[in-house]
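Hey, can you piece these two chains together into the complex? The hints should help.
Here is what each chain is made of, one letter per residue.
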Amino acid sequence: MNTIILSAIWGVIMMFSGVFVKKSTTQKYIAITGILVIVAFATIELLSGQTFFDFNTRGMIKTDVYNLSFVWIAVFSTLLYFLLSGSEIEKVGPHIGEYFALLFFIVCGIAIAATFNTLLMLFIGIEIISIPLYILTGSDKRNLKSNEAALKYFLMGAFSTGIMLMGIAFVYGANPAGSFYIDNIQIGTGHMSVLMALGLLFMLVSMSFKVSAAPFHFWTPDVYDGAPTVFTSFMSTIVKVAGFFAFIRLFEHAFGTVQDQWQKLIIIITIATLFIGNITAVFQQSVKRMLAYSSIAQAGFMLLALFALNEKAKDGILLYAAAYSFATIGLFGILTKMEDYTIDGFNGLAKKQPILAFATTVFLLSLTGVPLTAGFQSKFFMLMAAVENGNHYWIVVVAVLFAAISAYYYFKVIQAVYFKEPNLSDTSSEIFISTPFKFMLLILVALIVVIGIYPEIIIGWRYR
Amino acid sequence: MGTYFSFPDLFIWLPLLAAFLCFVINKEQQAKTIAIVFSLFVLGVSVCSLFYLNDDKYLNFNNVNYIWLKYLGASYFIGLDGTGRLLTMLTALAFPMILIATFNTRQDKPRAFYGLMMLTQAGLMGVFMALDALSFYFFWELALIPIYFLCSKWGGEKRIEATFKFFVYTFAGSLLMLIGIIYVYLHTTGRSFGDGVYAQHSFALSSFYMSQLSATEQTSLFALFFVAFAIKMPIFPFHTWQPGAYDQSPTAVTMILSGVMVKMGLFGLLRWLLPVFPLASIHFKNVVIILSIIGVVYASCIAMIQDNIKRLVAYSSIAHIGLMCAAIFSMNEISLQGALLQMFNHGINIIGMWIVIEIIERKTGVKKISELSGLAATMPVLTIFFVIIAFANIALPLTNAFAGEFLMFTGLYHYNQWFAFIAGLGIILSAVYTLNMIRKVFYGSLNAVTHEVKDISWNEKLILLVIVAIIFFIGIYPQPLIELTKESVSTLLMKLK
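For the record, the sequence lines run as chains A and B.
Heads up: the first sequence begins at 5 in our numbering, then just goes up one per residue.
Heads up: the second sequence begins at 2 in our numbering, then just goes up one per residue.
If you're looking for bench data, these hints aren't it; they were derived computationally from the structure.
Careful: at least some of the hints might be erroneous.
Claimed, not checked - Computed cross-link-like contacts, DSSO-like style, restricted to lysine-lysine with a CA-CA straight-line distance of at most 30 Å:
hint : chain 1 : residue 1 : chain 2 : residue 2
1    : B       : 33        : B       : 368
2    : B       : 166       : A       : 355
3    : A       : 442       : B       : 28
4    : A       : 424       : A       : 356
5    : B       : 159       : A       : 355
6    : B       : 33        : B       : 441
7    : B       : 71        : A       : 66
8    : A       : 424       : B       : 369
Looking at chain B on its own, in the form it has when it is part of the complex (with noise of 0.2 Å):
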């Protein structure tokens, strides 16, 4: 095994390098090939790491670390936790589910689509193992870049504005983060390297952690940061960008959006905003779940009205986002205990949603609800997985976000009963708009629309299949991905006192 094997530095550069692939590779047809290849590669890579769980020599972080720019104190500074396995895991565990799904698809210019897809996995992997605030930052941004890009090449009709909606509200989010990441770098204490190369600061998250920000300072800061996160979840009122980009954008970039970035602003709270601002993340804590609640509430009541089922998922991923948002602010052990299950339950979940979306859309040419007509008499496979998918969605018992959804609630109601209350009407609805969507495009009689629409193929089952094990699994045990994450949880409650 040798002194070191460093996982990180497996899942930046075995991504780049599948990106590097695509883009000058001869063949059209073959970039495909490689980026499923190199996506199955990581998600080996991802499994292998968890098994070095508690091996002496990878304490806490099993990190990688090289002098960036030493006159500043900035290192390529990566590393896992508990709360980074997850994740990462989650991520590579997304990019091979959502290529094979979307195999069938014919995407115009595979070389750069599929390069693109793979420098995205990059960042996120960068965005969920980076320890130094500027790596951090670059990798935030490394993922924001490719996914505009095929947004505005590979989208609907509308997608150049959608796109353009969604890149400057991230952009000028994250430029706000960046004077929060400059203020904070400044009042740190200083670093040296080993050639003698004293910097007076540090970029460090154990400098930041340290870091002694008085309450004053840390609320102005605790702003600038939330706006970020606030931004990349999304958190109402900071979310009327996202409906647009999920309906615009190409499905699997969708799945990407809505699986996997999203979670970049819910890590982001937990990284980095709680830890390094305690007391201003005590002091708004109300305020924030406040917003997220309105959050949970609002999107449910716009997603039962909508016709445009990517628009109905969309809106039921700002509600599930918003109810992990509230679950991390009350910062109790059970609530962020589920609310990091649940990260990865709903990255599962919505991804499978998403899988079935792109193939009715696919094969009927059409994602109008009212359109669509009796598809469980033509697709039946389809259909049963598409019920489970959907009980997952609104966290019934034996699917993994009820065991997410029950910590989260328990927690929240510890914190305050009302809060909990008016957040659990959010399920109420989902059950109320993923139900009645089931009823209108599966059942009922067929129509012109569906009437001549084939069942899935096998691509399509065998991924099915696996988010459908996996949504069981963790509902009937979930008890390994807890001890995952049990230490990231304690740690960060230690930060929090």
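Okay, chain A solo, but in the shape it has when bound (with noise of 0.2 Å):
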């Protein structure tokens, strides 16, 4: 309750700045300032259940100790992203305080999308994450590929806000008990009707492009390519966990009890997800695309918790959340600071920014999933609520193959640091990183080792 008010009076704020304030870098100190007090009383929410703002929300929303773990990372992991990449923000366009407000909307709607108790709270918060990112990823104005990608998110976006909301229509319909509350839809355990299942069907779909998740992807690489890729690095990683969580919540509250009945569906969909993002995803030669890609593969990996839908699940989802975002921040961090974005673009890192190519090592060993890591956890703690689902072992063995394949794409990169020579033609070896910009890398490296030894720190706040 706290991240909601207060990310959107703080949104408001960073509207009417830009107005007092001329200073860009100003109002990038006023966004981390809001962040940071978002932050704060997030961590206050979590640690003592206590809210500053007590509305009657008629139960609407509705927090307990697994949401609150959830928004608290999605708004520590904009935390960071702001100190990381907060003066790229800066360079995008001359609206650096209505970028930021639109993205303390997104946190905004985030928290919603978390926290929501009823079907109507998800819409409203997936529309407040999606509407300001439609702007986002065409703020480049002058940027044709921009102005593609804006357009083509956009209809796609509405498009799937349409069915969504037909989908919520269904449902409210078929529903005995006539409510929108998600515990209340009473679905029972034997068959449904049809237009409860068509119902289940839409949301499923929508969702499925919400999360990118095949065969409802084909809008993500050219969206993630087109942005900013300053927002690019916002919307695949935050915006994206945000969405699985909703997904998640979703479907465990509203139709958990008829899970036998669309588990092949997802099943179907996390198979072609892996594929066609693993698959895909070797033959990019362009960094930022590659990355694209594999955030539907690891959207793949996220759909295992949908599959398993037990507590290793919450757990896991939990862990990917920090995991995947804060490498996949801290690549695009890198990435907004190389002058070519194909993989030989990143030859020879490691002779002229020795620190960039440790940390883009670390982080690409993390997605890949290897110990020592955060992504090792996350992909462990999905591994064993699949196992502990006991249906389908062999999705389990599939998706390990394709975390094999991932790795083909995610060391090309790091050959290409480590052990490839610089191009004699680049001129970039004059780039210039900031110190706090590399010690930010480190302080990222670090939560992301620390999660991969310890994972507690993540998911003990919901055991205690």
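Right, here's the structure in full:
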């Protein structure tokens, strides 16, 4: 609750900051102050359960330790993102205050999407996330690719929103209790009515779209590639895991009792997502596009949580949120400093920028899922959840084989960084990297390693 | 002495400390010294650990157990039994030998090189001591990652492809093993920790031993674990990464790979695969033995036609490992004893072989057998050492490998005469290719390449002398090592009943 209110307020503050403060750096610091405040209040709420804004939401928002943990991870990742990439946001265009305002609104939407208790709040949360994203995607106004991406994203997004709304309507109509509350849908365990099944299917499709699960992923590479890199970083990480969180929350509470009826669909989506994400990523030459496909591939792993739908899966999605966000935010942060986005552009980075090279390696190892990194723990929990589910063990084997394939494209970058000679024609050896940026990268590395060794930092709150 | 003296901790933390120091030290050249000093220190600790064998305080496992992830029931749990002592000693012995023998090789960026080497040592030590499945998995991978960087950075021309193949093979294998670990874990009983936290399941090795899985479950789990270990050893048909990786790695790393790292796979069989899945192991033993023996004959045949010395030794290593795997799956006391003894011996011998090859390659610049000739005239000392090591490689009496292979063949013969007979072909073939290589490389007339080569220096002499001494000592008196592992073998056989 703290996060929802505060981030909305701070979004408004940021909108007006442009009027009163002319210097872009000052606006950046206002934003960082804001996110610090939000993190502080999110921490208080998580630790003590105390909220400072005691509205009667009529149970439409429901917080518990689990979704508050997630909100905390999301706002903390946003803090890291602001600190790491804040100066890049300044470079996108002249309207810095507005970019930050939109980002704060997205945070608000994430908090709603993580704590919703009715289908309406889910819809509002998802929309509050999506609409600012359309704008941010197109924020590089003079770049044709950015415009194209924004339009594509908007059209597809609007379409999926419509489908979701229709799904909600069907579920509401078919529901004997006539209620939007997700715990109240009373779907039973037997056969669903046609309307209910249709509603479920529509919601499944639209949520799959939001988290870019195959075969609803076609917008992802173009949008991620076209959007300014610094915003791609935000939407492929924090926003995406928030989508997953909402997806799982919805299906657990509303449709959990008939899991056996939709689990097969999830299996198909999972396998398709893993296949398309990993296989296509192998052939990418641009690191940015590779990361777009890798985000689809990682979504495939996150879908295992939906497949499993048990306590381990809940732990796993928290870990995934942290591990995947930290590593990808770091990688995109480094990418914004590079002049050449191709894999060859990373050649010999170790000689020019040892700290960047080291951080890149740790992030990529984490995405691959090598032990001692957070990425391992998140994959480990997902696998554990899927095995514990007890059905269809083969899906786990398929998932790890794809994880092994993912090593191929992640390691191509590591190989370029460490084992290839710098390009001679390249002048980027002059790139200037500020000390705070390096410092932030090392913090991210430290976080990844700490979570990798001791994941209870993230999931321990649930058991206290 | 205090109440507690934990060798396992020292084995892990000393190399880690050394690695840390190597990375942060100012002067590049000091890294080498740090690595050597620390590895000697680890060797000292390892020798000390042998004397605490029968002390009541240190019962079966001289162990360390810290709570790690209490909600999961995982702990940082490491300890030493006889097998562990043997293999940690091999690791402790291998590293100083390798570092001193390659003292004259100039490494580019020594800090990173020696730091990664010491990290590998920590990982290897952990694998041989882990008594908790999750710790085991962590160490298993910790040993792999530094090796990946070592090979890709300091290796030969085709290093990136060769190493990557190696990495993907082993990574895929270990992920499959991870699924197996998770499955067994979810079928263990719970475990409570001191502060009232109760975990539903446990990763402890002892819980794994008591997991009571049905025969069908064991069958599929056996496959998952076996693939991981088979890739690491490697066993036919999972061996295709190995010759390339051995050939392209810097020789110091090849020594680790072939001397110590392949033992991880064999050790995994003994510590995890056989005792956790006894029914499946017995069910599949003929299959595994046949695969191993195919590997022995196949690798020996390929070794005969190799012109590249490094590849020749790589294939000979596949053959030897195959024999050990077959012996382990024969599952009788003699064969298991032999396999354990031979794991140690093979480590020593193959490191000796690589040291000699490294010297030849460094001094002449070639690794093709056809381009070398008559080295005995210019390098008499090296020739003597190498001939002894090569004899050990073919397991002639009085050498250490004779003791090991004799036991293994006896065990295999007890199990099935035909298997023993076909595997015996491997020994004959190994004599063929090894002696042939000696004849071509060391004898004959000098040519342009070998004309002006100087003999070996003091540090190389020292290490080769140590190796030869170990070869003869164990060859004549293998009893101490057999005593060391006796209890582990009988415990294992109890579980297989």
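(request) Would you mind confirming whether the straight-line C-alpha gap from residue 71 (chain B) to residue 66 (chain A) stays at or under 30 Å? (result) Within the cut-off at roughly 29 Å; holds.
(message) Check whether the Cα positions of residue 424 (chain A) and residue 369 (chain B) lie no farther apart than 30 Å.
(response) 27 Å, holds
(message) Need the status of pair residue 33 (chain B), residue 368 (chain B): alpha-carbon distance at most 30 Å?
(response) 26 Å, holds
(message) For residue 424 (chain A) and residue 356 (chain A), compute the direct alpha-carbon distance and say whether it is at most 30 Å.
(response) Since the Cα atoms of residue 424 (chain A) and residue 356 (chain A) sit roughly 12 Å apart, the hinted pair holds (cutoff 30 Å).
(message) For residue 159 (chain B) and residue 355 (chain A), compute the direct alpha-carbon distance and say whether it is at most 30 Å.
(response) 21 Å, holds
(message) Run the distance test for residue 166 (chain B) versus residue 355 (chain A): straight-line Cα separation, threshold 30 Å.
(response) 25 Å, holds
(request) With a cut-off of 30 Å on the C-alpha distance, tell me whether residue 442 (chain A) and residue 28 (chain B) pass. (result) 23 Å, holds
(message) Checking one constraint from the list: CA of residue 33 (chain B) to CA of residue 441 (chain B), max 30 Å. Satisfied?
(response) Status violated; Cα separation ~35 Å.
Comparing the model with each numbered hint stated earlier shows that hint 6 is the single one that does not hold.
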